[in-house]
Amino acid sequence: MQENNEIIALFHLIDDPDQEVFDSVSSRIVSYGRGIIPNLENLWENTISNDVQERIELLIHKLHFNDLTEDFTHWKSSSYQDLLTASLLVAKFQYPELVTTPVLQEVEKLRRNIWLELNSYLTPLEQVHVVTSILYNYYGLKGTEVAYQHPEEFLINKLIETKRGNSITNGVLYLLLSELLDIPVKAINIPRQFVLAYIKPYYDENPEKLSPLQRIEFFIDPTSGQVFSHKDVESYFKRISVPPVASYFKPLSHNRIIQNVLEEFSKCFDNERNAYKQKELLDLAKLLSD
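Okay, so the sequence shown: first residue is 1 according to the UniProt record's numbering, each after it adds one.
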């Protein structure tokens with residue numbers, strides 16, 4: 001962006017010790033939009049003060065965050081809330097200049113490898129075995145428990161890069177591949193876990209008579225791809241002393257899945273230095289509220 005007199009004056013005031021002055025300067029700079037980012041980057045490179053550099057970094061982050069908020073708003077209002085698109089938006093919180101093509105290409109490669117092994121005669125268990133085998137054995141995906149000390153394990157670009165993610169990120173990848181291949185695997189709302197379920201195709205003329213639990217063929221742990229039975233899940237509920245109410249077995253919408261990702265991801269930023277990131281992620285989650 002061409003620097004005018006106002007921008008030059010604003011840049012001179014970035015180091016003002018008065019917080020009110022800086023807040024006012026900050027708001028005005030941000031109002032210029034992302035076009036001013038190259039100017040801020042140039043200023044950062046020519047600044048020797050660490051404090052001023054930090055202020056510039058926060059301004060650049062705020063500009064990126066404004067764009068991200070707008071992108072999430074568009075995604076929420078779109079007729080088809082694509083899970084991969086939203087996962088990439090989550091990744092852009094940490095990597096605003098993320099090039100998405102390598103991720104899209106890798107997902108398409110995985111989809112094709114799985115598709116080549118599928119046919120219409122496979123049972124539900126055989127279908128899931130194909131997905132699991134390609135994803136965890138051939139591709140080499142590793143799963144970890146959710147750990148808030150590792151924010152990168154919440155991001156799909158890092159999952160593709162390192163082939164390592166937590167149960168939430170692995171689950172999202174498993175879900176989006178299943179959807180691309182018309183395999184009826186959905187995320188469900190079991191407490192303290194991110195669990196997938198194979199939903200039975202509706203052969204019955206009155207599927208609404210079935211409870212959410214009765215519609216589930218079996219359960220899948222996205223950490224490893226391991227399949228669990230109804231009895232296994234019953235045992236889990238007994239172990240945590242929680243009654244297994246119907247709402248825990250209803251498929252989650254894409255909107256709710258991404259909201260959950262944002263809420264869990266925000267827990268990685270619980271120290272004073274990064275508190276603003278936690279607030280921003282929770283604001284994005286709130287934006288997606290129905």
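The hints are simulated quantities; they were obtained by calculation from the structure and are not laboratory data. Here the structure is a predicted model, which means the values were calculated and not measured. One should not assume that every hint holds.
[Stated by the list, open to error] With a Cα cut of at most 27 Å, we get these calculated DSSO-like pairs of lysine-lysine:
1) 76 with 250
2) 158 with 279
3) 76 with 238
4) 158 with 76
5) 238 with 250
6) 186 with 62
7) 158 with 267
8) 142 with 62
9) 209 with 186
10) 62 with 109
11) 209 with 238
12) 163 with 62
13) 76 with 92
Here is what the structure says about each hint:
The straight-line distance between the Cα atoms of residue 76 and residue 250 is roughly 21 Å, inside the 27 Å bound, and the hint therefore holds. Of the supplied pair hints, the one linking residue 158 and residue 279 holds, its CA atoms being roughly 23 Å apart against a limit of 27 Å. In summary, the hint linking residue 76 to residue 238 is not supported, as the alpha carbons are separated by about 36 Å, beyond the 27 Å threshold. At roughly 24 Å between alpha-carbon atoms, residue 158 and residue 76 fall within 27 Å of each other, so this suggested pair holds.
With a C-alpha separation of about 19 Å, the suggested pair residue 238 and residue 250 falls inside the 27 Å cut-off, and the hint holds. Under the criterion of a C-alpha separation no larger than 27 Å, the hint pairing residue 186 with residue 62 is inconsistent with the structure, at around 34 Å. Of the pairs offered as hints, the one joining residue 158 and residue 267 holds, with about 18 Å between alpha carbons and a cut-off of 27 Å not exceeded. Taking the CA atoms of residue 142 and residue 62, the gap is near 34 Å; set against the 27 Å cutoff, the hint is violated.
Under the criterion of a C-alpha separation no larger than 27 Å, the hint pairing residue 209 with residue 186 is consistent with the structure, at around 20 Å. Between the alpha carbons of residue 62 and residue 109 the distance comes to roughly 35 Å, so the proposed pair goes past 27 Å and is violated. For the suggested pair residue 209 and residue 238, the alpha carbons sit about 26 Å apart, so the restraint of at most 27 Å is met. Using a Cα cut-off of 27 Å, the hinted pair residue 163 and residue 62 is violated, with the two alpha carbons roughly 30 Å apart.
In summary, the hint linking residue 76 to residue 92 is supported, as the alpha carbons are separated by about 16 Å, within the 27 Å threshold.
Checked against the numbered hints listed earlier, the structure breaks hints 3, 6, 8, 10 and 12; every other hint is satisfied.
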